[in-house]
Amino acid sequence: MLSQTWNNACRTIAAGALAGLAVMSAGAALAQDYPDGPVTLVVGFPPGGSTDVVARILAENMSETLGQPVLVENRPGASGTVGIAYVATSEPDGYTLGVSGLGSSILVAATGRDTGYDIDSQLDIVGVMGTLGLVIAGRTGLEPQTLEELLQYAADHPGELTYGSSGVGTPGHLAMEYLLSLADVEMLHIPYQGNTPLMNDVLGGHVDIALLTTPGSAEQVRAGGIYPYAVTSPERSPLMPEVPTVMESGFEGFTATLWNLLVTPQGTPEDVQMRLSEALNTAMQDADVLAAYAEQGLAPTITTPAEATAFLDQEREKWEGVIAALGIATE
Amino acid sequence: MLENMALGFATAFTATNLFYCFLGVFLGTFIGVLPGLGSLAAISMLLPLTFYLEPTTALIMLGGIYYGGEYGGSIASILLNLPGTPSHAVTCLDGNPLAKQGRAGVALFITAIASFVGGTVGIVALMGFGPAIARIGLSFGPGDYFALMLLGLVAAVTVGGGSVIKGLIMVVLGLLLGTVGTDVTSGEFRYTFDFLELRDGVSLVAMAMGLFGVAEVISSVRGSSERKITQRVTLRSMVPTRADMRRTLKPMARGSSIGGFLGALPGTGVVISAFLAYATEIRVAKDKSRFGKGAIEGIAAPESANNAAAQTAFIPTLTIGIPGSATMSIMLGALMIHGISPGPLLVSDHPTVFWGLIASFWIGNIFLLILNVPLIGMWVRVLQFPYKFIYPVVIALICIGVFSMRTSVFDVWLVVIFGALGYLLQRVGYSPAPLILGFVLGPMLEENLRRAMLMARGDPYRLVADPLTGTILAISGLLVLWAVLGGVRRWFGARRLAKYSVDEA
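In order, the protein sequences belong to chains A and B. Last residue of the first sequence: number 335 in our numbering, and the count goes up by one each step with no gaps. Last residue of the second sequence: number 1942 in our numbering, and the count goes up by one each step with no gaps.
Treat the hints as calculated values from the structure; they're not laboratory data. Be aware that one or more of the hints could be misleading.
[Claimed, not checked] With beta-carbon atoms standing in for the labels, derived distance ranges:
#, chain 1, residue 1, chain 2, residue 2, range
1, B, A1911, A, D160, 33 to 39 Å
2, B, L1613, A, L192, 26 to 32 Å
3, B, V1561, A, G257, 31 to 37 Å
4, B, R1572, A, H161, 24 to 30 Å
[Claimed, not checked] Which stretches of chain A does chain B cover? Using the computed rule of at least three CB atoms under 8 Å from a CB of chain B, they are:
#, segment
5, 106–119
6, 195–204
7, 306–319
[Said to hold, decoys possible] Which residues of chain B face chain A? A partial, calculated answer using Cβ under 7 Å:
#, residue
8, L1587
9, G1618
10, V1621
11, D1637
12, G1638
13, G1758
14, H1775
15, V1784
16, P1788
17, S1841
18, R1843
19, R1888
20, G1895
21, P1897
22, V1901
Treat the numbers as computed from the prediction; the structure is a model and nothing was measured. Glycine is no exception: its CB is placed at the ideal position from the N, C-alpha and C atoms.
Produce the complete structure using the sequences and hints provided.
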């Protein structure tokens, strides 16, 4: 009883303090002075990874637009959720931003795992930072030459083919299970810890099929170490224009793309968000950024915060549907 | 080949590249000396700076930091019993006793030579047989990795140098700690206690720095009055005796081969190389009791191994585009940012990058030898500072280093916890070295075994029937048998001896 009263008192004080802070920070962050110091862009993956590269390409251009350095800070861990959890609990003043991918925005939560935050109530979505397709690639020496033939082969030889993904509940795993369920065939899933060992095993012929990112595999495709069957993006990838999409291969409406969202802690002043949105969209039209994006196989996107939020909802609906249909949730 | 090397040296010998090569190896040595700050942290911090450099120059500098760190890490291990990086934890085992015997100079000299030998072997392998080694690496499937890790684990039990039982206990504790995190096969969380930070497992750097670094500081503070190092390391004191030299030749050769081979396999890396090289030395030594008390082989082998591995780690990274470690991923990231896609065609598409980098490795290793041998006095000057200044700095550096790895305060707490554990272990006479090896090998062992069993559709016969896997497993079996037989023979021998002496009495 006593502790309850005490708890309530604590809460009231805490709420008051938080409200006070919010007022102060809102006051300090008027759009005309924003930003008057360095802006931190939190990436939930280690330096050198694909998310980090995207963040650094954009950060450089946004620094010019905003007139203040945008510093990439890596807080890797738990599919990117460690970094986003940090952003979610940061001051909503526009000085701590995050790059949230498919995993930390949707998949981790949708497969029944705690992320440490609720994206709808704790984060604001500023914009989409480009999209990226996956490629369904096979080891060399496999008989089938097209995706149709591959799925036919799997149907004729049930349980013979194996496919690897970069982990349970990752986009590659879910996209492939989804495709297999549409085609009504089975392959044995071999989960890997990230792309590196997966690439090793498909090149070495230890696993038959691998779901890989297009930039991570374009060079291996070019060198003939792996055979690309199809890309999962709605359009063909500029990195491997001769490879058909899954849709072209007879699965109308099938797309699976990776993307990143620029997020801020919820409660970031609207004018600050607009400023960030403009800077992001300016970057998306810059020639250098577009060139770097093309090299990385990324499709640029221009979105308002509202459009980006709608995009998130739409993607979530799709992936939650897939996860529910396949019964993949871990708990 | 000659043409390629000429191209490489032409690239590496420009004033800019020489400067950045020197800068890289110098920074690497410096960061290696500082406990806690590893090359991974340094490279991630410096990555943004390299955007403004030519890609080859950027890689030359980052590469220099990487292998320079392997040189530098041994200095604090020998002098202060504080490993600069996890792979140097093993160098402490015999390096520090040598220093306590007043032979720090010899230990540092041998380390520098062993590092140079290892580095050279690694570069030769990279240059001459890079693509071939990379292909061998690819042919290693999950079953083979499992067998290899098991072999490592069997060897690991001997690393502690002392009692096999204590070694086993530590290995098992390491294996248990290695199960913390996300289970790769099912995606379930194990022992994460609702900490997001534990989902990727316990940080190796935090663990190694706590167990070795913090623990050493605590025990030194406790006994600081009795421990004073007055010795000066002069060039003269660094000259090893002829016996020292004779004793280190074979360990260097063995260490370089082990490191060169393991470094080229993606995922194994410098830590495992150093530990296994050490374990091998104990295995082949006639008098095992010298280890842990200042055996010169005990520093020569692991130091040549980790440097060889640091060089051959570039084999899969550059020739097939598969980064073997987190540090190597950053290197590839640096290339990607410059618009160079790493992959099997890198060598033919961008020969200046590849051969320039290799040429810079030669230059860098020579710089390192120069930095390490005559300038050792400079590093050793650290010793002349009173401990009351050194230790707070060391603790601060460990915390900064560990924090900067993942920008994580959580990991700093881990250092504190492992520091306490390490001190406790030290007090009760357990060596944390096998624990680290168990921790590194365990998750790889489990992951690869389960993957191999998945691929074999749950049939263990199919796993063992693979010629490579079967052979490696058989070697492990023989090792175990050897150890058991040796134990039994010693036991009987001891009994016979006891009986004999009883009779005589």
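Proposed interface contact between B:H1775 and chain A, which counts if any beta carbon pair is under 7 Å: Because about 10 Å separates B:H1775 from the closest Cβ in chain A, which is outside the 7 Å limit, the hint is violated.
Against chain A, is B:D1637 within 7 Å by beta-carbon distance? Holds - the Cβ of B:D1637 comes within 7 Å of chain A, reaching about 5 Å at its closest.
Closer than 7 Å between Cβ atoms is the bar; does B:G1638 clear it against chain A? Give me holds or violated. violated, 10 Å
Supplied contact hint for B:G1758, tested at 7 Å Cβ to chain A: Since the shortest Cβ distance to chain A is 6 Å, the answer is holds.
Would the stated hint for B:G1618 survive a check requiring a Cβ distance to chain A of less than 7 Å? violated, 9 Å
Please verify that hint: B:P1788, Cβ, nearest Cβ of chain A, below 7 Å or not. It is violated, given that the least Cβ distance between B:P1788 and chain A is near 15 Å, above 7 Å.
Does the CB of B:V1901 sit less than 7 Å away from some CB of chain A? violated, 16 Å
Proposed interface contact between B:L1587 and chain A, which counts if any beta carbon pair is under 7 Å: Violated: closest Cβ of chain A sits about 18 Å from B:L1587, beyond 7 Å.
Taking the closest Cβ pair, is B:S1841 under 7 Å from chain A? Violated - the Cβ of B:S1841 stays beyond 7 Å from chain A, reaching only about 10 Å at its closest.
Take the shortest C-beta to C-beta distance between B:R1888 and chain A; is it under 7 Å? Where the cut-off is 7 Å and the nearest Cβ of chain A is about 6 Å from B:R1888, the hint holds.
Please check whether B:V1784 passes as an interface residue: C-beta within 7 Å of a C-beta belonging to chain A. With Cβ-Cβ at 11 Å, over 7 Å, it is violated.
Is 33 to 39 Å respected by the C-beta to C-beta distance linking B:A1911 and A:D160? Hint holds: Cβ distance 38 Å, inside 33 to 39 Å.
In terms of the numbered hints stated before, the structure departs from hints 3, 7, 8, 9, 12, 14, 15, 16, 17, 20, 21 and 22, listed from lowest to highest.
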